[in-house]
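Be aware that the sequence shown starts at 1, since it is given in UniProt numbering, and climbs by one per residue.
If you're looking for bench data, these hints aren't it; they were derived computationally from the structure.
Computed from a predicted structure; not experimentally measured.
Think of the CB as a built atom: it goes at the ideal place given N, C-alpha and C, for glycine as much as any other residue.
Mixed in with the good hints, there may be bad ones.
Stated by the list, open to error - Restraint ranges, calculated between C-beta atoms of paired labels, are given here: (1) Ser449 with Ser584: 42 to 50 angstroms; (2) Asp195 with Thr414: 40 to 48 angstroms; (3) Lys548 with Asp68: 36 to 44 angstroms.
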Amino acid sequence: MISFLRERLQGIVAFSFLGIVALTFAFLGLPTFAQSFTNNDYAKIGNYGISQSEYFRTRSQIEQNIRDQFGQQIDLNPLSSFIEEQAKTSLIEKYSIIKFFDELNIKIPTNYIETELSRNEAFQIDGAFDQEAFKNYLINFNLSKEQLIRDYSSDLKLNLSVALLDSLVNVFDSTLEQYLDLLTEKRTIKFVSLDTSNVLIDYQPENQQLLEYYDSNSNEFLVPEKISFNVIDLDKKALEISVSETELKNAYDLYLQNIPDGEKRVSHAMIIRGNYEDEESFNEKVLLAEDALGKQSFEDVVQNFSDDEGTLEENGDLGFTDGEVFPEEFESVIAALSKGDISEKIFYEGNVHFLKITDVSGVEIEEFSEKSDELLREIKDIKFEDAILNIQRSITGSNISLEQLEEQFKTTATLFQELPRGESGYDSENENLIFDTNINSWSDPVNISNDSFQLVQPVVKTDESIEDFELVKEEIIAILVQRAKLKILEDAYASSNLITLDTESLLQQFPIENFKIEEFKDINRTTSLLSNDIVNIVFNQAETGVIKKELVNNTLFIYSILERNSGENDSVGEEDRASIISQSRSSQLQYIFNALRAEYGLDNKYSENELIVNQTS
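Generate the whole structure from the sequences, applying the supplied hints.
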């Protein structure tokens, strides 16, 4: 299958790729900026490196798909393991397709990739490529230029591969008419459906059987932990929080006192230990660089001594930092430097760095009139939180009634009774907080929204238990009787005895009642009143005049196809035809993707960089 695909695609590639080659003359040439701190790939799949950016981009897409399906408010924390596994699977599928592309020996010119990247909005200012924006992007996402090009190239290869394979599956569209023949074919069937409600049985389980079932299936009779609790609703608007002009002015003064220094632009000269045969040679180079710092400009020192080829063209420029971009070993030194200052030598991962602050960007200071609304909201938030804590302290240990709470704090207080765990209406974190709070104690504030909190006081707790046998005895009897009835249907399905589809014959063979033998004439897949499962069974049966049996969802379906008649393909509208073609092509593509994944076995070649995983978890 795979070798056949390769042969087919070799001919297609030559034509499809002309569109790419024709674009490459517009080469812009992205500058090289690199951080040489460490290997920061998140994972590897075979020989393919997966950057942090690519991994988290993939993971974010999966998270967004879940939100789109189940709502934006869904709590993704319990799904973390599932999301990680889906991200891994998605990347393995992606690189199985890319490996196939690479085996076709197609080369995507690097200058084409650079040209396309330069058009990315993230690297443009006022519609034109901006080197500073490009460099800061690399620094902020801890990427080298090579990693960015590799990531973009991978996405391009994936899109091209899917497009090429999609063009291949067009070959099979000729089967559409045959599919429509099957889709519109009409059939006349005779059938009877029997479930446990049709089975007659004289069966009464013995008490010992009931006890054995009760003991073996105790989880079915669990009574969950329950709780009754008082709730005080605390709303910011209801508390009528006020802020004086003096408080607002004081907050503005505090804002002025705490304005940060702004961002600092940093250049470095880097001497890499691995470039030298021994420690003596390395130390000698460091001493020469230190001596040169007092005699030459920093830019000359970079050109004459720095081993970081990625930043030589920019005189060692690493871009701006706000105090959180570089490793702590760098940031602690940078914080003490002013514009024009050069650091002492810094040892990091065995290498030596010299840092210089080349520029400091100031922070825009807002006038009081501009800042006052934001400060007002912040002060109200602080006062609101203080009010909540004061209320909590004042009622802790007291015997205050709900009516007194409402009157004293101008709020609403409610008693909720016997709510099972999992049905309290709170998310798992807040529910655990409530269940873990001691009886008659008030919980920590439960955050409902930005402007609303609750205080919760458990008053009664009931531990998880198992219902008493006598209370569930009738339920167990019903379960065992249902099982016995289902066993009769299963035996009938497994029986090799001949069956005739008439009432008298069925009554003689099986202990059943209240059933009806029906006949549907000229039904097709879309007009039938039968369930989808039954439709698939009926229309996948080629023989006519033969009685068949199927057990579907605990229902015994006995049927015979009496006639098969041709349908009318013209009755299928253009929209439905297009949908059929799309689904057919998607199925064929998925089949090809699965075959590639099985052939390359990349599932067993996935490994993660534990250092990076731990840093980003």
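Practice problem: Hint by hint, work out which the structure violates, then give me just those numbers in ascending order. | Solution: none
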